[in-house]
Amino acid sequence: MTVTNALWALVAVAGVPLVLGSYLFAVEAVLRRRTARFARRVRPWLWLAPALILLLAFLVYPALSTAVLSFLNANSTHGVGFANYKYIFTDSNMLIVLRNNLVWLVLFTVVTVVLGLLIAVLGDRVRYEGVVKAVIFLPMAISFVAAGVIWKFMYQFQPAGTAQVGTVNAFLSAVSSGFKPQAWLFNKSQNNGALIIVGIWMWVGFAMVILSAGLKGISVSLVEAARIDGAREGQIFFSIILPLLRSTITVVATTLIITVLKIFDVVYVMTNGNLDTDVIANRMYKEMFNYQNFGRASAFAMILLVAIIPVMILNIRRFGKSGV
Amino acid sequence: MADALSPARRGKGAAFAGHLAARGVLHIILIVVSLLWLLPSVGLLVSSLRPARLITTTGWWTAFTTPFQFTLENYAHVIGQANMGRSFLNSLLIAIPATVMPILIAAFGAYAFAWMRFPGRNALFLVIVGLLVVPLQVTLIPVLRLFNVLRLTGSFPAIWVAHTAYGLPFAVYLLRNFIGELPGEMMESAGLDGATHAQVFFRLVLPTSVPAIASLAIFQFMWVWNDLLVALIYLGGTPQVAPMTVTISNLVNSYGAGWEYLTAAAFISMFLPLVVFFALQQYFVKGILAGSVKE
Numbered sequence: 001m002t003v004t005n006a007l008w009a010l011v012a013v014a015g016v017p018l019v020l021g022s023y024l025f026a027v028e029a030v031l032r033r034r035t036a037r038f039a040r041r042v043r044p045w046l047w048l049a050p051a052l053i054l055l056l057a058f059l060v061y062p063a064l065s066t067a068v069l070s071f072l073n074a075n076s077t078h079g080v081g082f083a084n085y086k087y088i089f090t091d092s093n094m095l096i097v098l099r100n101n102l103v104w105l106v107l108f109t110v111v112t113v114v115l116g117l118l119i120a121v122l123g124d125r126v127r128y129e130g131v132v133k134a135v136i137f138l139p140m141a142i143s144f145v146a147a148g149v150i151w152k153f154m155y156q157f158q159p160a161g162t163a164q165v166g167t168v169n170a171f172l173s174a175v176s177s178g179f180k181p182q183a184w185l186f187n188k189s190q191n192n193g194a195l196i197i198v199g200i201w202m203w204v205g206f207a208m209v210i211l212s213a214g215l216k217g218i219s220v221s222l223v224e225a226a227r228i229d230g231a232r233e234g235q236i237f238f239s240i241i242l243p244l245l246r247s248t249i250t251v252v253a254t255t256l257i258i259t260v261l262k263i264f265d266v267v268y269v270m271t272n273g274n275l276d277t278d279v280i281a282n283r284m285y286k287e288m289f290n291y292q293n294f295g296r297a298s299a300f301a302m303i304l305l306v307a308i309i310p311v312m313i314l315n316i317r318r319f320g321k322s323g324v
Numbered sequence: 001m002a003d004a005l006s007p008a009r010r011g012k013g014a015a016f017a018g019h020l021a022a023r024g025v026l027h028i029i030l031i032v033v034s035l036l037w038l039l040p041s042v043g044l045l046v047s048s049l050r051p052a053r054l055i056t057t058t059g060w061w062t063a064f065t066t067p068f069q070f071t072l073e074n075y076a077h078v079i080g081q082a083n084m085g086r087s088f089l090n091s092l093l094i095a096i097p098a099t100v101m102p103i104l105i106a107a108f109g110a111y112a113f114a115w116m117r118f119p120g121r122n123a124l125f126l127v128i129v130g131l132l133v134v135p136l137q138v139t140l141i142p143v144l145r146l147f148n149v150l151r152l153t154g155s156f157p158a159i160w161v162a163h164t165a166y167g168l169p170f171a172v173y174l175l176r177n178f179i180g181e182l183p184g185e186m187m188e189s190a191g192l193d194g195a196t197h198a199q200v201f202f203r204l205v206l207p208t209s210v211p212a213i214a215s216l217a218i219f220q221f222m223w224v225w226n227d228l229l230v231a232l233i234y235l236g237g238t239p240q241v242a243p244m245t246v247t248i249s250n251l252v253n254s255y256g257a258g259w260e261y262l263t264a265a266a267f268i269s270m271f272l273p274l275v276v277f278f279a280l281q282q283y284f285v286k287g288i289l290a291g292s293v294k295e
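Residue numbers (our numbering), protein chains in the order written: chain H, 1 to 324; chain Y, 1 to 295.
Derived from the structure by calculation, the hints contain no laboratory data.
What you are looking at is a predicted structure, and each value in this text was computed from that prediction instead of being measured.
Built from N, CA and C at the ideal position, the CB exists for glycine as well.
Warning: the hint list may mix true and false statements.
Just so you have them, the derived chain Y footprint on chain H, three or more residues with Cβ under 8 angstroms [to be verified]: (1) 7-14; (2) 25-34; (3) 46-60; (4) 101-109; (5) 185-193; (6) 251-263.
Cβ-to-Cβ under 8 angstroms is the rule here; a few derived chain H residues that face chain Y [as the list claims (entries may be wrong)]: (7) Leu-18; (8) Leu-20; (9) Val-132; (10) Ile-236.
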């Protein structure tokens with residue numbers, strides 16, 4: 001066991017860079033024996049080859065293959081037309097899955113952007129901004145799995161009348177005497193919200209960091225001039241700061257949307273999609289491993305891809321404009 | 001900035017009082033939000049140090065009342081018996097190559113994109129920008145089948161290669177932007193001195209790209225370290241190769257409410273990211289900014 005460990009560690013740390021480095025030197029050694037013209041034409045492709053081969057084999061080809069699989073049956077032996085899609089868009093349980101993704105999309109994105117903006121704007125006015133930002137950003141560094149454990153613990157529930165061990169129930173019981181402890185992850189009217197709060201807790205730091213950087217880019221003299229002209233802080237925020245931050249907010253929102261569409265870990269760890277909390281990525285995992293239905297799993301994956309395509313086009317356009 | 005609201009300029013006592021009140025509200029909001037954000041993690045850390053019978057009967061905040069009862073037993077148990085020690089090592093063995101590989105391979109490509117001319121260069125780069133947002137879910141089934149055929153499922157090389165491919169679009173994108181902005185004279189003079197592209201790349205480009213590479217490395221390392229889905233799919237739950245995220249999610253399912261172990265296991269998995277975060281926060285933030293704010 002220890003020998004294999006050591007071997008893996010060695011491969012991991014030394015072997016990989018060594019192999020990749022030797023590849024380049026080999027390429028250059030071979031090209032040097034050819035004409036300069038030939039070398040100039042072929043070199044770029046040899047330098048790009050490792051990246052292009054991996055991208056083709058592990059992203060482009062699989063995506064196309066999944067598109068085909070989504071029109072095949074459970075074990076991919078014969079075509080079923082649009083049956084997998086029809087199932088997803090008509091079955092009542094699947095509609096709940098789609099609904100949950102939509103709820104996540106709206107609540108998670110809006111609340112995260114608003115909270116991130118609020119903390120960025122308020123933090124900008126105090127001397128301990130750095131500390132606040134570090135604290136808010138901290139959850140970004142940990143895994144959704146750890147966050148899932150943290151919040152399952154926060155949401156713990158004991159029947160009313162007994163001591164509450166979960167922070168949320170204990171706190172709410174302490175501040176309001178009429179409060180009845182809730183089983184946050186079990187009540188169907190609350191569990192999706194409880195999960196979304198975990199997502200927000202993790203991602204507000206991301207929104208805050210980017211919005212704060214955008215905020216620092218706004219000229220101080222512009223804001224000062226407005227103040228001297230007698231503009232109130234609210235007016236300054238809505239008619240100067242917000243319009244200037246619009247493109248930054250768009251960037252943050254699109255990143256959040258891409259993230260939330262694929263949301264998986266937090267649901268898998270905290271509820272595994274039970275009690276009407278399932279989302280597309282978790283349902284896809286279940287279709288793959290619990291039900292062995294690769295047709296339906298592929299259809300779920302394609303729905304994610306199609307939902308993300310507008311963002312993809314937006315990115316390509318924006319980058320094409322700014323010049324490659 | 002708030003000094004612009006100085007009382008002298010307003011010249012009225014009421015305005016000054018209003019200003020003080022606004023400042024008070026500002027501080028209260030920021031402090032309350034910060035405490036709320038910190039509380040869940042503190043609760044986890046405190047609980048992981050408490051004996052099992054106390055965790056299930058009293059809230060973690062009561063730990064600060066006498067008699068103090070803290071223990072390291074939970075940590076000893078999860079490291080020794082719940083496979084967390086092995087999993088910590090696996091997480092490292094997965095994350096290090098899965099960070100080095102995409103960065104080196106992306107740097108080769110980024111250098112070609114930035115400093116070599118070839119037909120289709122711009123179009124190809126736009127394809128990579130498009131690949132940035134492709135959800136990795138669309139690759140899972142075909143890639144898993146490929147690994148099954150190659151008998152790689154459940155092995156480290158499988159997950160290294162998968163993470164490398166998934167990390168490549170962002171890495172190529174970020175590094176090409178950085179390497180493309182290196183001064184042209186520097187590159188030309190190196191070429192005139194008779195240096196080959198490989199020499200220019202390793203002696204000049206890589207060393208000057210350290211800031212970008214550092215941001216990227218932290219980003220990719222954290223991503224792989226915190227990943228659950230890719231490990232779950234390609235490693236197939238074999239305990240010998242499972243990283244901490246997989247082990248913990250198994251613990252959640254099997255222990256149910258074994259909070260003393262879960263909290264300790266979760267904190268072990270958070271330990272390295274937190275150290276990286278506090279030590280290299282600047283680079284981490286820079287990577288996030290570079291990835292999102294496109295000029």
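A quick look at each hint next to the structure:
1. 7-14: holds (count 5)
2. 25-34: holds (count 4)
3. 46-60: With 11 residues closer than 8 angstroms to chain Y, the segment 46-60 of chain H meets the three-residue bar; holds.
4. 101-109: Result for this restraint: violated, n = 0.
5. 185-193: violated (count 0)
6. 251-263: holds (count 6)
7. Leu-18: Interface hint status for Leu-18 of chain H: violated (10 angstroms vs cutoff 8 angstroms).
8. Leu-20: It holds, given that the least Cβ distance between Leu-20 of chain H and chain Y is near 5 angstroms, below 8 angstroms.
9. Val-132: Status holds, d = 5 angstroms.
10. Ile-236: violated, 10 angstroms
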